[in-house]
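Residue numbers (this note's numbering), protein chains in the order written: chain A, 292 to 701; chain B, 4 to 164; chain C, 40 to 419.
Calculated directly from the structure, the hints in this document are not laboratory data. Please note that a few of the clues may not be correct.
What the hints assert, rightly or not - In the EDC-like style, the derived pairs of lysine to aspartate or glutamate whose C-alpha atoms are separated by at most 20 Å in a straight line are: (1) A:Lys570 / C:Glu82; (2) A:Lys457 / B:Glu133; (3) B:Lys46 / B:Asp155; (4) C:Lys297 / A:Asp337; (5) A:Lys574 / C:Glu296; (6) A:Lys574 / C:Asp140; (7) B:Lys144 / A:Glu329; (8) A:Lys310 / B:Glu17; (9) C:Lys68 / B:Asp73; (10) A:Lys457 / A:Glu616; (11) A:Lys570 / C:Asp83; (12) C:Lys80 / B:Glu71; (13) A:Lys457 / B:Asp155; (14) C:Lys68 / B:Glu30; (15) A:Lys672 / A:Glu614; (16) C:Lys68 / B:Glu133; (17) C:Lys297 / A:Asp339.
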Amino acid sequence: MAHIDVAVTGVGYSKHVSKRRDVNIAELVWEAVSNCYEDAGLKPKDIDAVVTGNMPAFEGVNMPELWGAGHWGAYHKPLIRITTGGTTGGSVAHAAYYAVASGLYDTVLAIAFEKQSDGNSTMGLNTVALADAAAQFQQGVDPGFLASFGGGAVGIAVYQAASYMKRSGCTTHHLDKVSALCRNNAALNPWSHLKQPGLTPEDVAKTVLMQYPIRFGHVCPATDGACAMILTTHEKALKLQNKPAYILSCASCSDEAALMGISGSGTTNMDPCAQEHCKLAAKWAYELAGIKDPRREIDVAEPYAPFAHQMLMFYERLLLCEEGEAPAILDSGSMNLDGELPVCPSGGVISTNAIGASAMERITEVALQIMGKAGERQVKKEVHKGVAHGWGGAVNLNVVAVLSDTPRRS
Amino acid sequence: MAEMEYKKETRSVEGSWPMEHWSWKFESIALISKTREAFKEKKLLGLKCPGCGLVYFPPKPYCRCMSEPDEWVEVKQQGTITTYTFTGAWAYEGIKEEEGPAGEPLIIVGVNFDGSDTLTVCTLGEAKPEEVFVGMRVQLKWPENIEGRLDDIAHVVPLRE
Amino acid sequence: MRREVAIISYAQTPYEADANASREMQVLKVAREALQAAGLKQEDRYTVVTANNDYLDGRTISNMRLVEPAGAWMKNESKAEMDGAYAALYGLWRILSGDHDVALIIGESQASVYARWLPGIMMFDPTFDRQRWLLNEASAAALQARAYMNAFGISGEQVAGVAAKNLDNASLNPLAHNKLAGADAAKVLGSRMLYDPLTEMMMAPYCDGACAMVIAAGELAEKAERPVWIRGVGFAHDSYLTERTLKEMNSLRLAAEKAYAMAGISDPSSQVDLAEVHENFAHEELMAYEALGFCGKGEGGAFFDSGVTRRDGKLPVNVSGGATGANVVCATGLARIIEAAMQIRGDAEGRQVAGVKTAVATGQTGPCAQESVVFVLGGE
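Pulled out of the complex, with its shape left as it was, chain A reads as follows:
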């Protein structure tokens, strides 16, 4: 059976800032969607199906597309809602990829967003663990102790960072360098949230220690923002533009939740930095994409890294080098915009994190690099293939997509 090639033919972002009090969810999303229609040269009538998602706890609304999607061009169209936490944007894009690849829908609009300022993000994150925390209180766990070890993804990241540093030889200076690299890249990206041109590792090292080894400067901001992309078949894409980017493959992989099993049981996901499932997802995605040697064939990477160490850790887990090599590769300058394998040219999640949208923005940013439409943040080298990643849950969910300037069949 011939594979149906899936092309990215339009990308749109809303403005990304910490608080968008001038628009509601539907209007914020519309900014991204209307920009996407414009970029693709398409109208809502050209869309065959819509895939949407966000992280519902953050805004305190259940299924906002019920009252929002009519304003995004979904009127009387097929629509599906996909949500998987931090990986939501990736999962939405993956579903849109499958919708086109299934042969059932030619042109699919994918929408992912988060309007964190509408809700309480700390509560949103804590609700990840609330059911299990409540069970632990009942069984005699001091609430103060539980609070001190952190809520949701944020809390687990510090353990992951410590473990990763131990495993890889990554130092706190490397973390500072990652932040500086990303925030400087973000300054070149008009859609990014936290722009800090000229930020140095030394500046980052002066920020307050939140929980070892993570300093304030190593952490993403909370962002209001939306992202949209239009996927279509190879044939239709060529009618719309000269150089579409193709999503060659998508894969996700799930592990048991880290740090805490159900209601205080033990969990077999013992080292949050191992991320064996990320390696598996990457392996599956590369296999489907026909990539034999990702280190040579991948030209640009957008790992999902809301915390500084994750850019290095996921670089390794995406099989772009051996374990423990990423810090030295960072030092070599290879990850810079003008490097051999630029990483997070967009500025990454550490600069912009509208949670539900973030994993899709990894994909759209790689697509823009391939299409040569990344503006000032366009990497210096020629880009043929790139990898886009998403991470979430209790560090137990990973999504990986491989993009290319040529379709899978050739």
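Put chains B and C on the given structure of chain A with help from the hints.
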């Protein structure tokens, strides 16, 4: 596409997500209560999976291989640190940029007790933050009054062999 | 469709008001049973799509804790935050793409865990409707029922008759939770008034449960015993309830048109042998008859009166008892697909309808059937 016109002013509308309205069910609590009872005899009871042999401590009613762990086994009170952190300004209050580290840092570690295949989160005592490392051997330190709470196993100290 | 995809196994928990099991254990049981019936083990290659909702489960990223019970450990897994029939739809896409051959589909929730009134309210527009506390799932359904009944002269007895039929049908379904043998319209109309014109017995009461289904293409489908083939599928989103007519179920009509076209069905009332319809309230089943093309617009009441949709009729609808018999939000539509597949396979012990070759199953999400999905299934 025509530019939408947005008003410059908006009104915030307050609402809440009333969290108290869920009442979750867990088989695991019944299993863990047996383990908590055993604390009073200074024993750590884990549950072994008949499918793949993994030992869950504290016990868990289902395994990742889709079997149901059903054999009680004793887990050792020594273990290995698999991951760690220590608290800074973040602890308790969420993110506060202005504050420096709050008081004496609390060292929090993931411990894999010997004879089990899982991680339990504990605090590490009798050690300084700079002394902790992944792979460090630790020993459970029981509280003076063991009450059969999960907190009874919340504290480890470096193993001195 | 580019590939022939079949339902090769399924499993359901009994549906109960307050199950003596966590959602994790319920999911584990159905996932394991469905995999076993398909001849699969956890270590085999398959993809998993679950349907659940963070507000119902009371946890952000509600699929995060379902990885091991859902058989998704080290698997390619995702989640549709809608009815389980949408998870089936997504699983179907994954197989049709050629990247996967087998998908395990799971739907679950436990009404005994969440506050029944709350998640429904959380889905209304937060800046206006939620502030006024007038709309909830039942009051919205009542507005829809009234609009529909007024427009087409549908009587309360006809709506009540649907509920009575489904309650009676459910009495033959050992898994159903809400059942009453010999129920009649008078009894339904005499039950407690919910929101006029809907009485309590017209509502599909939320309950606990989980169901799972394995769909496959290629070798596994070909060698499966009595596979049930997915012949057509369609889904559609309609406007928010205050921005559309409530007297017609347009999302279902649009979804059905697409599914029928794919399945080569031009005259549903003669080509479809049986339907399992997701009706959250009794009047929705009458509206579904029309949207599914079983009868003309506004003729749902008369169509019901003719007896065609009774279990001994020419086109039985909800022989399982439908959502009235068991309504597990995020699983109800998937259970409709499973029930329809059971009828085609001849597995519907005690309620088996003879000679079912082609069946239709529907799922819905959102107030007043705002979003609908339709599956057309066929035997050999």
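A quick look at each hint next to the structure:
1. Simply put, Lys570 of chain A and Glu82 of chain C have alpha-carbon atoms about 17 Å apart, close enough for the 20 Å limit, and the pair holds.
2. For the proposed pair Lys457 of chain A and Glu133 of chain B, the alpha carbon gap of about 12 Å is at most 20 Å, so the pair holds.
3. As the CA atoms of Lys46 of chain B and Asp155 of chain B are separated by approximately 11 Å, the hinted pair is consistent with the 20 Å bound.
4. A distance of roughly 17 Å separates the Cα atoms of Lys297 of chain C and Asp337 of chain A; the hinted pair therefore holds under the 20 Å criterion.
5. Annotation: proposed proximity of Lys574 of chain A to Glu296 of chain C is violated, straight-line Cα distance about 40 Å (limit 20 Å).
6. For the proposed pair Lys574 of chain A and Asp140 of chain C, the alpha carbon gap of about 18 Å is at most 20 Å, so the pair holds.
7. Between Lys144 of chain B and Glu329 of chain A, the direct Cα distance comes to roughly 64 Å. Violation of the 20 Å bound is thereby established for this hinted pair.
8. Restraint check: the Cα-Cα separation between Lys310 of chain A and Glu17 of chain B comes to about 16 Å, which is no more than 20 Å; the hinted pair holds.
9. The suggested pairing of Lys68 of chain C with Asp73 of chain B holds, with an alpha-carbon distance near 16 Å, which does not exceed 20 Å.
10. Our distance criterion of 20 Å between C-alpha atoms is met by Lys457 of chain A and Glu616 of chain A, whose separation comes to about 13 Å.
11. For a cut-off of 20 Å, the pair hint linking Lys570 of chain A to Asp83 of chain C stands: about 18 Å separates their Cα positions.
12. As the CA atoms of Lys80 of chain C and Glu71 of chain B are separated by approximately 15 Å, the hinted pair is consistent with the 20 Å bound.
13. Between the alpha carbons of Lys457 of chain A and Asp155 of chain B the distance comes to roughly 29 Å, so the proposed pair goes past 20 Å and is violated.
14. For a cut-off of 20 Å, the pair hint linking Lys68 of chain C to Glu30 of chain B stands: about 14 Å separates their Cα positions.
15. A hinted pair counts as satisfied when its Cα atoms are at most 20 Å apart, and Lys672 of chain A with Glu614 of chain A does not qualify at roughly 25 Å.
16. Between Lys68 of chain C and Glu133 of chain B, the direct Cα distance comes to roughly 47 Å. Violation of the 20 Å bound is thereby established for this hinted pair.
17. A threshold of 20 Å between alpha carbons decides the hint, and for Lys297 of chain C with Asp339 of chain A the separation of about 12 Å falls inside it, so the pair holds.
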